[in-house]
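Model the full assembly from the supplied sequences, consistent with the hints where possible.
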Amino acid sequence: MDLRTTILAEHSRTQSLYVAGWIGNSASRFRQLIQLFLEDEYRVVQRSAWIISFVAMKHPALLTPHLPAMVARMEDAGIPVAVKRNVLRILQYLSIPPSLHGAVMNSCFRFLEDLEEPVAVKAFSMSILAGLAKDYPDIKNEIRLLVEDQLETNPTPGIRSRAKKVLKAIQ
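In our numbering, the protein residues as written are 93 to 263.
No lab work stands behind these hints, which were simulated from the structure alone. C-beta atoms are modelled at their ideal positions from N, C-alpha and C, and glycine is treated no differently. Any given hint might turn out to be false.
[To be verified] The calculated DSBU-like cross-link candidates involving lysine-lysine, where the alpha carbons are at most 30 Å apart (straight line), are:
hint: 1; residue 1: K260; residue 2: K226
hint: 2; residue 1: K232; residue 2: K260
hint: 3; residue 1: K226; residue 2: K257
hint: 4; residue 1: K232; residue 2: K257
hint: 5; residue 1: K150; residue 2: K257
hint: 6; residue 1: K256; residue 2: K226
hint: 7; residue 1: K150; residue 2: K260
hint: 8; residue 1: K256; residue 2: K232
[What the hints assert, rightly or not] FRET-style restraints, in silico, Cβ to Cβ:
hint: 9; residue 1: E131; residue 2: P247; range: 35 to 45 Å
hint: 10; residue 1: D206; residue 2: A153; range: 43 to 53 Å
hint: 11; residue 1: A153; residue 2: N233; range: 30 to 40 Å
hint: 12; residue 1: T97; residue 2: G250; range: 12 to 22 Å
hint: 13; residue 1: Q124; residue 2: P190; range: 43 to 53 Å
hint: 14; residue 1: L192; residue 2: Y134; range: 22 to 32 Å
Written out as structure tokens, the structure is:
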């Protein structure tokens with residue numbers, strides 16, 4: 093299969109699940125996907141991000157060697173929202189290596205503070221920070237302030253629901 097061509101053939105959940113199934117638990121196929129995610133044009137990067145999230149749900153160990161590059165990619169200016177959203181979706185379910193804690197925290201705090209970030213990016217950032225607060229209790233107050241600010245400035249149902257869970261988790 094030509095992975096790039098298949099990714100560009102159709103943008104749908106069905107197609108993304110098909111590609112994720114083809115990758116399965118294959119480290120070499122997953123590496124091809126990650127390369128497209130990190131280096132290709134916008135549309136390929138966007139579609140790859142969704143496929144990565146499907147593969148990561150079933151085979152999280154495949155992601156481990158690629159986490160540093162994915163976290164670094166989140167810090168790039170002007171990356172597609174789909175990339176941030178899907179990387180954050182994955183990170184909220186993984187045990188993040190301690191070497192990446194600082195970079196992940198910085199990105200999540202920045203996303204929460206940015207008025208232009210979509211609700212999903214903010215919600216996933218809240219969950220990741222709440223998880224990291226278990227290892228770094230000093231950040232709980234800053235998380236609480238940012239979450240409460242979100243409730244005032246962006247009280248969408250998604251923010252309200254996630255904020256309630258996060259505030260309870262960091263008590």
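A quick look at each hint next to the structure:
1. K260 to K226: holds (13 Å)
2. K232 to K260: holds (11 Å)
3. K226 to K257: holds (15 Å)
4. K232 to K257: holds (14 Å)
5. K150 to K257: OK: K150 and K257 at ~25 Å, within 30 Å.
6. K256 to K226: At roughly 17 Å apart (the allowed maximum being 30 Å), K226 and K256 satisfy the hint.
7. K150 to K260: Holds, at roughly 28 Å.
8. K256 to K232: holds (14 Å)
9. E131 to P247: 35 to 45 Å: The hinted range 35 to 45 Å holds for E131 and P247, with Cβ atoms some 38 Å apart.
10. D206 to A153: 43 to 53 Å: Because 32 Å falls outside the window, the suggested range is violated.
11. A153 to N233: 30 to 40 Å: holds (34 Å)
12. T97 to G250: 12 to 22 Å: violated (35 Å)
13. Q124 to P190: 43 to 53 Å: violated (28 Å)
14. L192 to Y134: 22 to 32 Å: Holds - the Cβ-Cβ distance for L192 and Y134, about 25 Å, lies within 22 to 32 Å.
Of the hints listed earlier, those the structure fails to meet are numbers 10, 12 and 13, in rising order.
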